[in-house]
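Chemist: Residues per chain are reported as follows:
Number of protein chains: 2
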Amino acid sequence: MRKWTAVGLLFGMSVSVGAAPPRARPSLRDEVRAYRAAHEVEIVRELADLLSIPNVASDTPNIARNADRIVALLKQRGFAARLLDGQGGPPPVYGELRATGARRTVVVYAHYDGQPVDPTQWTGDPWNPVLRDKPVEAGGREVPLAGALEPEWRLYARGASDDKAPIVGLLAAVDALRAVKTPLSVNLKVFFEGEEEAGSPHLESVLRANAELLRADLWLLCDGPVHQSRKMQLYFGARGVTGVDLTVYGPLRALHSGHYGNWAPNPAVVLAHLIAGLRDADGRIHVAGFSDDARALTDAERDALASVPDVDADLRRALGLAQTEAGGARLVERILLPALNVRGLASGHVGDKAANAIPTEASASIDFRLVPDQTPTRVRELFEAHLAREGFHVVHEAPDAATRQVHSRIVKLVWGPGYPGARTALDLPISLAVRRVVSEALGTSVVSMPTLGGSIPMHLFQDVLNSPVIGVPIANHDNNQHAANENLRLQNLWDGIDLYAGILARLGAALPR
Amino acid sequence: MRKWTAVGLLFGMSVSVGAAPPRARPSLRDEVRAYRAAHEVEIVRELADLLSIPNVASDTPNIARNADRIVALLKQRGFAARLLDGQGGPPPVYGELRATGARRTVVVYAHYDGQPVDPTQWTGDPWNPVLRDKPVEAGGREVPLAGALEPEWRLYARGASDDKAPIVGLLAAVDALRAVKTPLSVNLKVFFEGEEEAGSPHLESVLRANAELLRADLWLLCDGPVHQSRKMQLYFGARGVTGVDLTVYGPLRALHSGHYGNWAPNPAVVLAHLIAGLRDADGRIHVAGFSDDARALTDAERDALASVPDVDADLRRALGLAQTEAGGARLVERILLPALNVRGLASGHVGDKAANAIPTEASASIDFRLVPDQTPTRVRELFEAHLAREGFHVVHEAPDAATRQVHSRIVKLVWGPGYPGARTALDLPISLAVRRVVSEALGTSVVSMPTLGGSIPMHLFQDVLNSPVIGVPIANHDNNQHAANENLRLQNLWDGIDLYAGILARLGAALPR
Numbered sequence: 105m106r107k108w109t110a111v112g113l114l115f116g117m118s119v120s121v122g123a124a125p126p127r128a129r130p131s132l133r134d135e136v137r138a139y140r141a142a143h144e145v146e147i148v149r150e151l152a153d154l155l156s157i158p159n160v161a162s163d164t165p166n167i168a169r170n171a172d173r174i175v176a177l178l179k180q181r182g183f184a185a186r187l188l189d190g191q192g193g194p195p196p197v198y199g200e201l202r203a204t205g206a207r208r209t210v211v212v213y214a215h216y217d218g219q220p221v222d223p224t225q226w227t228g229d230p231w232n233p234v235l236r237d238k239p240v241e242a243g244g245r246e247v248p249l250a251g252a253l254e255p256e257w258r259l260y261a262r263g264a265s266d267d268k269a270p271i272v273g274l275l276a277a278v279d280a281l282r283a284v285k286t287p288l289s290v291n292l293k294v295f296f297e298g299e300e301e302a303g304s305p306h307l308e309s310v311l312r313a314n315a316e317l318l319r320a321d322l323w324l325l326c327d328g329p330v331h332q333s334r335k336m337q338l339y340f341g342a343r344g345v346t347g348v349d350l351t352v353y354g355p356l357r358a359l360h361s362g363h364y365g366n367w368a369p370n371p372a373v374v375l376a377h378l379i380a381g382l383r384d385a386d387g388r389i390h391v392a393g394f395s396d397d398a399r400a401l402t403d404a405e406r407d408a409l410a411s412v413p414d415v416d417a418d419l420r421r422a423l424g425l426a427q428t429e430a431g432g433a434r435l436v437e438r439i440l441l442p443a444l445n446v447r448g449l450a451s452g453h454v455g456d457k458a459a460n461a462i463p464t465e466a467s468a469s470i471d472f473r474l475v476p477d478q479t480p481t482r483v484r485e486l487f488e489a490h491l492a493r494e495g496f497h498v499v500h501e502a503p504d505a506a507t508r509q510v511h512s513r514i515v516k517l518v519w520g521p522g523y524p525g526a527r528t529a530l531d532l533p534i535s536l537a538v539r540r541v542v543s544e545a546l547g548t549s550v551v552s553m554p555t556l557g558g559s560i561p562m563h564l565f566q567d568v569l570n571s572p573v574i575g576v577p578i579a580n581h582d583n584n585q586h587a588a589n590e591n592l593r594l595q596n597l598w599d600g601i602d603l604y605a606g607i608l609a610r611l612g613a614a615l616p617r
Numbered sequence: 105m106r107k108w109t110a111v112g113l114l115f116g117m118s119v120s121v122g123a124a125p126p127r128a129r130p131s132l133r134d135e136v137r138a139y140r141a142a143h144e145v146e147i148v149r150e151l152a153d154l155l156s157i158p159n160v161a162s163d164t165p166n167i168a169r170n171a172d173r174i175v176a177l178l179k180q181r182g183f184a185a186r187l188l189d190g191q192g193g194p195p196p197v198y199g200e201l202r203a204t205g206a207r208r209t210v211v212v213y214a215h216y217d218g219q220p221v222d223p224t225q226w227t228g229d230p231w232n233p234v235l236r237d238k239p240v241e242a243g244g245r246e247v248p249l250a251g252a253l254e255p256e257w258r259l260y261a262r263g264a265s266d267d268k269a270p271i272v273g274l275l276a277a278v279d280a281l282r283a284v285k286t287p288l289s290v291n292l293k294v295f296f297e298g299e300e301e302a303g304s305p306h307l308e309s310v311l312r313a314n315a316e317l318l319r320a321d322l323w324l325l326c327d328g329p330v331h332q333s334r335k336m337q338l339y340f341g342a343r344g345v346t347g348v349d350l351t352v353y354g355p356l357r358a359l360h361s362g363h364y365g366n367w368a369p370n371p372a373v374v375l376a377h378l379i380a381g382l383r384d385a386d387g388r389i390h391v392a393g394f395s396d397d398a399r400a401l402t403d404a405e406r407d408a409l410a411s412v413p414d415v416d417a418d419l420r421r422a423l424g425l426a427q428t429e430a431g432g433a434r435l436v437e438r439i440l441l442p443a444l445n446v447r448g449l450a451s452g453h454v455g456d457k458a459a460n461a462i463p464t465e466a467s468a469s470i471d472f473r474l475v476p477d478q479t480p481t482r483v484r485e486l487f488e489a490h491l492a493r494e495g496f497h498v499v500h501e502a503p504d505a506a507t508r509q510v511h512s513r514i515v516k517l518v519w520g521p522g523y524p525g526a527r528t529a530l531d532l533p534i535s536l537a538v539r540r541v542v543s544e545a546l547g548t549s550v551v552s553m554p555t556l557g558g559s560i561p562m563h564l565f566q567d568v569l570n571s572p573v574i575g576v577p578i579a580n581h582d583n584n585q586h587a588a589n590e591n592l593r594l595q596n597l598w599d600g601i602d603l604y605a606g607i608l609a610r611l612g613a614a615l616p617r
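Quick mapping for you: the protein sequence lines, in order, are chains D and X.
Each residue of the first sequence is one higher than the one before, counting from 105 in the numbering used here.
Each residue of the second sequence is one higher than the one before, counting from 105 in the numbering used here.
These are calculated hints, taken from the structure and not from any lab test.
Watch out, some of these pointers could steer you wrong.
Identical copies go unnamed one by one, so any copy, or any two together, can satisfy a pair.
Stated by the list, open to error - Straight-line distance between alpha carbons at most 30 Å, and here's what the computed BS3-like set of lysine-lysine pairs gives:
#: 1; residue 1: Lys238; residue 2: Lys457
#: 2; residue 1: Lys179; residue 2: Lys335
#: 3; residue 1: Lys457; residue 2: Lys516
#: 4; residue 1: Lys335; residue 2: Lys238
Modelling step: build the complete structure from the supplied sequences, incorporating the hints.
Modeler: Set out below in structure tokens:
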């Protein structure tokens, strides 16, 4: 690891802002790429080292190790960096690098925690990063992190793409600009969260407690994947999210299915009917009023949609899908609607472990994706009202035997945290400036998505900090995000470095005075 | 362990048959009970020793240890005992004890294998038998196997009641008769199967290969529980059984539920609709034609039903059920109908492990209970036809990517073995004789059930060996059969010894010449 502290500080303080580069100089893009090409192994190793620290939000000791490591990486670049009070959650990492004379401030958001893992589903250890020459599903073999790295190689680990890559990509962009002596055009702040995958339950408190510190002209959310066409994309919105675990009950003890089958109620069957009553297999949600609060699209959003490349047929082929929901409606349209996803079912046993018994209970886990102006509170009300109409007695703690004796259909609901969706207008001056600078940084057009299908608490930056928010993701779309064998395609990291370097160097001048 | 070989041989050879006991002698029932009271610890220890050998049918080495142990126990009592060829399955244990001058032969059937276990659900090790002073659900504490044993104490282990208790109970009855110098009134053969809980796939071959050896006037099936009123019961029929594992498919890899939710089909939702389409939550089966082959009841069966004690309200209370299926119809009527039980559901994850992803597949496991004259073959045909009508492409091997690209709804079915139900007429002379002898042995009336809800391959003894078959179970109904914490209530073992001793001593004289 290089010793960066002194050099970084020097860089942050001494370079003049806005000075035009000499005409004979190669483009900034070419300079950044040349720097990166000469430092690929170091950059990937820095990422791999960070990925080797387990990062599930509930794993407090390892979360602290992640946060401390990132603070150290920032300080090596001369950031004034420290941990913020997590307000009961993992500590957010904060850092700033001031650009002399810059009038605008940009905050880069990413998160260092990752989704929980099921190690039995992984090809290797989720926290032992491995480089492969192809996707593991295509028979990719381990390759050494040394010598010339092929851009199609992939780094496998939990968090490789979601969401540690942007952290290391941003640091590499800062290093590259320093190396090519190009100053930052904006004051840079970073805010790296440690519980995004747990639903960001403390983020709002953290933002409120640090509202002055985190004030900015723009928040850039570095999270999520690029477009499935592999074109880089900007997103101006995100769906909100909430989730619930449901349990329904059968007999107090598991019963022999011969002696009691078709007499004792079977909770797995009750659950199947409950799920079937929530939505059909084609995606239509039957919860009354569920979609009533969905905000209508603007003309600018409709225009942007029309120009998003159509990748649906390719996606269906890659995913082995003969058909998609809603009669094959476009993905880009579907994610503008709210969703109800069953993320798991469990009751009794299947396969070799199946016993001829009536299970005592059956559980499902559901996540909801919300669009503006739905709120988690309203979704909960509508969902619970739906279940009550279906004849369920809704409880929030495990029912005792007396309760089970009285109510024939009981459902226990355990709600997870949640937050609403958000959208930043596509035609704001700052939105237009970012679109221009990013295209120039990459030397190609980028996709402007009115919303991302996934969830990021964009609404908080809008509502609490009163800032516009735009997403600048870098991960490949086929990264197995949230699943086993999460990975990052190296070309995506290279593109991310170009993109961040371009924004840092040029956004200040592109913004209206 | 006592040295029984010589004594047992002597017993088998030397005792005269049919000699009337002296008038002043206490009743046989009292003599048997006095013998048992003096030997309770030994009897339970013999059972516990047998239960300490794991007995899942697929666990070949331990299954062999069980079989060898039982042969040894039989030989200690003077049985001519040996293993039969399992015809590809675990070896059945065969033994015989001839009674000089007896004209009738009875075969006692039991099985020494047990249901698979999920050790995480057990309070202790399933194969480390433990005696408790109360049911574990009622806070039962471990008590030593020594001194005076209370009849409400329970022995916990896989197989304690299903179905090793009858094996040890029968041996104790033989010991008791020998001790009180009462001869057998029938030639006794035993046939102990080692794969009943795996669906008895080789039983038919074994019976056909040994038809002459196993010829008898009556088969007594010593398996299943007594009536829920705790009265002993005889059963004259059993439901058949078959089972199937189903898998439906989503995307080839798990997908982020935000980016792809309500576009990519969700297999958990497809499965919920599939299950909901098979039956309603009230037990009505929607598979067309499923119940068409069910045989009508005879008058004798209807009469017997009417006299079965009504335990439904007590059962509902004990099981924490506010309501049962079919609008609260009686259990005794429900088990005369075919059943479709969902024994398990699995997809993605629930609870803390739930990830915001669309699962790649969803599975369910179902068992069917069949009544005469349904057959497993016909049930399979009807079930597959139902799924085809519901739009599923039915396969029996995992579909490849090309198949998944073509068919939007694929279900993989893996059928387990199966066999039909059976019923012995309640008004046969041999049926009436057994009812009489058993009542006398216990000194109380017993319940005559036209059928048991559970499954035993009774049909084979009728169809292959052309023998009447009657069930004489001894296990408590609340034994957690097929589930965790299986147990045997000691009073049930004591009752079983009375019952078997009475049959062995008296049935010969009670049968018509």
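Chemist: Could you run down the list of hints and mark each one as holding or not?
Modeler: Hints versus structure:
| no. | hint | in the structure |
| --- | --- | --- |
| 1 | Lys238 to Lys457 | between (35 Å within a copy, 28 Å between copies) |
| 2 | Lys179 to Lys335 | neither (33 Å within a copy, 79 Å between copies) |
| 3 | Lys457 to Lys516 | both (26 Å within a copy, 18 Å between copies) |
| 4 | Lys335 to Lys238 | within (20 Å within a copy, 67 Å between copies) |
The structure fails hint 2 only (numbered hints given earlier).
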